[in-house]
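Visitor: Sequence:
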Amino acid sequence: MRRLAVPLLLAAVLTGCSSQEPGKPSAGDQASGAPTTGTSAGAAPVNRPKAVDLKTLDPCTLITPETKTALGLNIVEPGNPLPEYGEGSKRCNETYVDHKYIANIHTLVNGGVDRLKRTTGEANLTSLQVAGYPAYLTKRDSPGSAGACEIYIDAHDGQLLLISAVAGLGDKSATVDGACERAKALADAAGAVLATK
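In terms of our numbering, the sequence shown opens at residue 1 and continues consecutively.
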């Protein structure tokens, strides 16, 4: 029985490391243009432009004056961190000039991608790349609004940068898809600055 268990375990590990989607790199096919830094689950290395310890990051510093103007942001200011994101987490609140959406950037310092997949459900997450970082998008209900869009950036082992946009706080023309457009633009801008920290 022991002889059978070892090949089965090896087959399971090798299957988990291969990609079944065309054009998607597997764990052994890392892009050579960006450094491989750290691991997200203690398994395969995570390909990030730079691993940034979010415990030392002020998320408001990820919004440059140029970004504020380009994205139509009115206010960028520190907010109260949410206790469920871990001791030492930080928050930055953003409002838009058109008042159709609001956004937040949170540092989640008490769990990385594995925790996200467990708590949100892997089926509810869409994988994407944000400024060279692995990231995940999800949509959710938000009381009193048309809904919210969240993007989690895998910035460091066991830590995530969360960019969320909420739609339609009193404006019926705002949509969840519109919130996702805002969240993606904000995530791209913040991710580019994150890679320089």
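Just so you know, these hints were derived from the structure itself, not from any lab. Be careful, since some hints might not be right.
Pairs of lysine to aspartate or glutamate residues, derived as DMTMM-like cross-links and limited to a Cα-Cα distance of at most 25 Å, are as follows [as the list claims (entries may be wrong)]: (1) 172 x 157; (2) 50 x 114; (3) 50 x 98; (4) 55 x 98; (5) 90 x 58; (6) 117 x 77; (7) 50 x 177; (8) 117 x 87; (9) 50 x 171; (10) 117 x 66; (11) 90 x 157; (12) 139 x 114; (13) 68 x 157; (14) 68 x 87; (15) 90 x 171; (16) 197 x 98; (17) 117 x 188; (18) 197 x 157; (19) 68 x 177; (20) 68 x 114; (21) 139 x 84.
Restraint-style ranges between C-beta atoms, simulated for each label pair [stated by the list, open to error]: (22) 77 x 195: 17 to 25 Å; (23) 97 x 123: 30 to 38 Å; (24) 45 x 99: 25 to 33 Å.
Just so it is clear, CB atoms sit at the ideal spot from N, CA and C, and this is done for glycine as well.
Visitor: Determine which of the earlier numbered hints do not hold for this structure and return their numbers in increasing order.
Guide: 1, 3, 4, 6, 7, 9, 10, 13, 14, 15, 16, 20 and 24
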